[in-house]
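What follows is the residue order along each chain.
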Amino acid sequence: MAEPLPFGQVLLARAHPPSTAEKHYEERVLKRPLHIRANSPTPSTRALRRQTLNARKEKAQKRSKQKPRPLSAAKKRSMGLLEMPKEQQKYTIYEGLHNLWCGYMRELLNVGASGTQAYVTAASSGLIVASADMHGAEVEVVRSRCVSRVGIKGIVVKDTKFTFEIITAGNKVKDVPKEHTMFRFEVPLVRREGEEERRPLVFEILGEMFQARGADRANKKFRMHYQPDV
Amino acid sequence: MAKDKLPKTKGVLNKHLHARTAFLYQAATYLTLHGSSNAGLALQLGSDLQTVSRKGQIRVNVDVKRNICKTCNSVLVPGRTATHEIENHSKGAKKPWADVLVVGCNLCGSEKRFPVGAKRQQKKTARSLQTSIATTQSPSRNITCPPLRER
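Sequence lines, in order, name chains A and B.
For the first sequence, the working numbering gives the first residue as 110, with consecutive numbering after it.
For the second sequence, the working numbering gives the first residue as 55, with consecutive numbering after it.
No wet-lab data here; the hints were simulated from the structure.
As the structure is a computational prediction, the values presented were derived from the model and not from experiment.
Misleading hints may appear alongside valid ones.
Chain B stretches covered by chain A per the calculated footprint, using a threshold of three residues with CB under 8 angstroms from any CB of chain A [as the list claims (entries may be wrong)]: (1) 102 to 113; (2) 118 to 130; (3) 148 to 155.
Heads up, the beta-carbon is just placed ideally off N, CA and C, and yes, glycines get one too.
From just these sequences and the hints, can you work out the full model?
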């Protein structure tokens, strides 16, 4: 028996006479032209690399935009965050800060209530003192090339690269340049029971060598220098 | 002759930096609580705290880190310099694990968000340890080891 007609031809035969169905099937189904369109060429490796790179960059940018950013200097200035407001320029507020600072220094020098160190030497604790935070220290200008600055005494409220801002007992904020100046500060020791009052530890700072921001001094290496003049 | 190695330093490395960050945080908190407005030195101390920890490569205590605004470096005291709210964006606020603590800074208006209701995923090392234990245990129960082939 002959092969059964293909399904398409059977379908066509339902509407057309068999000869037409056969012809149509032959011409329009079997020999249907297949139009081939050239697809886009495969991108070069360079282009591919660029694409992935761009995508990654965009993603990173999107992510970094969500991160909290620090305030810009202009914004800080406009909000008035950089200067100290008038009502905060009171010595009494900063006395508490000074007490905190004294505790911090005693801990650093290991001479507190639980401290064991008998005495403090330049070799043992000089570096630590030099890198310590000075906010809250009560400093006094002992030597200066500018004579009128000698004798200024107060608590450090700002430690910038080139100046100390000091609040005096008379509620005045003074900017004292570190250059050509020598500062002295004291760390009072705690009085133990059954002991006489101990004399405070006294340190002196060469302002010239101290010209770095407080936070930058944290792990700065200090070297011995010959200081020709103050 | 082998040189004796120095004994490993016990205690905290960079002790002075830790003391410094602790002092800075205390001082900043003191000033925000006692100063009449939250400006000036307190913010400076907060930013110093960040800088010192970054320069000295020490980790700030998590509680300290969360109590400092990332944008303006002010100390976030609830009710005073910051607002603490619980937010729940789930449908009808029904899912307790969708609770998010939103801490808003009153000074600069930035927000910190902490998922408080959600259980934290275990650390990756802990997870991989667990799975490895599970995989090593389960086949031993069911399948006996095939006898070794002789060569």
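Q) Does the stretch 118 to 130 of chain B contain three or more residues whose Cβ lies closer than 8 angstroms to a Cβ of chain A? A) Holds: 4 residues of the stretch 118 to 130 of chain B have a Cβ under 8 angstroms from chain A.
How does the coverage statement for the stretch 148 to 155 of chain B fare against chain A, requiring three or more residues with Cβ below 8 angstroms from a Cβ of that chain? violated (count 0)
TODO: Given that the stretch 102 to 113 of chain B was listed as covered by chain A, double-check it with a C-beta distance under 8 angstroms for 3 or more residues.
DONE: holds (count 5)
Hint 3 from the list above is the single one not met by this structure.
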